[in-house]
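Read the sequence shown against our numbering and you will find it ends at 229, with the numbers running on by one and no gaps.
These are computed hints drawn from the structure, not numbers from a lab.
Where a beta carbon is used, it is the ideal one built from N, C-alpha and C, also for glycine.
Some hints here could point you the wrong way.
With a straight-line Cα cutoff of 20 Å, these simulated SDA-like cross-link-like pairs (lysine to any residue) come out [to be verified]: (1) Lys31 to Ala120; (2) Lys140 to Leu103; (3) Lys140 to Ala120; (4) Lys160 to Ile217; (5) Lys140 to Ala164; (6) Lys31 to Ala57.
Just the calculated beta-carbon pair ranges, DEER-fashion [to be verified]: (7) Ala205 to Ala157: 18 to 28 Å; (8) Ala164 to Gln56: 23 to 33 Å; (9) Leu119 to Ala222: 30 to 40 Å; (10) Gln94 to Lys37: 18 to 28 Å; (11) Gly149 to Arg175: 33 to 43 Å; (12) Arg165 to Gln8: 16 to 26 Å; (13) Thr183 to Ala120: 45 to 55 Å; (14) Ser2 to Arg175: 58 to 68 Å.
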Amino acid sequence: MSRYSRTQLAELSGVPARTIRYYHSLGLLPKAERVGKEALYRDEHLDRLRDILAMQARGLRLDAIREVFAAEAGQGTADWRVVFDPRQPGPSDQSAVLDDDELTELLGDRRPEILDELLAAQYLERRDDNWAIPDLPMLKGALILYDVGTDITLSGALRKVIRARIAELADEMVRTFRDAAATSYGGEGIGSDLSRFRERFRAAAWEVGGATLADEIERAVAELDESGR
1 MSRYSRTQLA ELSGVPARTI RYYHSLGLLP KAERVGKEAL YRDEHLDRLR
51 DILAMQARGL RLDAIREVFA AEAGQGTADW RVVFDPRQPG PSDQSAVLDD
101 DELTELLGDR RPEILDELLA AQYLERRDDN WAIPDLPMLK GALILYDVGT
151 DITLSGALRK VIRARIAELA DEMVRTFRDA AATSYGGEGI GSDLSRFRER
201 FRAAAWEVGG ATLADEIERA VAELDESGR
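Make the full structure from the sequences, and use the hints.
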């Protein structure tokens, strides 16, 4: 049976070594064999990485992919209609408070490298014996960016840009709803409807907003490449 180092596995799969380490922290990959300080991987890890790439290409998020693997192993009670439903918004809680062990599980073996940077960028706050995370999705996004080569300081700057622009967009959308009352919008009012149908609004925002942002980033990069700047 073939055995690979993390570098070899990255070359064979096309998945960066840092991302492989991140997938381990999420429980998406089986544990590697240890020989001294070196982690060794087998064909099952290569197959799993290829499965992850294939499902990501179909639009599945990592939490949904984890549900797929759990269901295959008989370890979970995943509803397959939910797993493959792109309208699912994911966890609704933005903030979280973790104890030290939970934070270590989230950060994995990146923790010694990035803990101070996460604190400086305000992704984390020390709260007595626990760790407060003001925006868990943003933190997870920063970890993904870190694993593909973006440092925490830069992702922190991007977070501020995203928050500022999204706030402006949300204000404009609410004004558009308000101005369309009794014409193209026939609801009871955006405040009342949001209260009643919050999860549906969140699902729509997650699907449309996430896909649109990804598309616009690709467009901006393509235009930048064409301009040669």
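(Q) Are any of the numbered hints broken by this structure? If so, which, sorted upward? (A) 1, 6, 10 and 12
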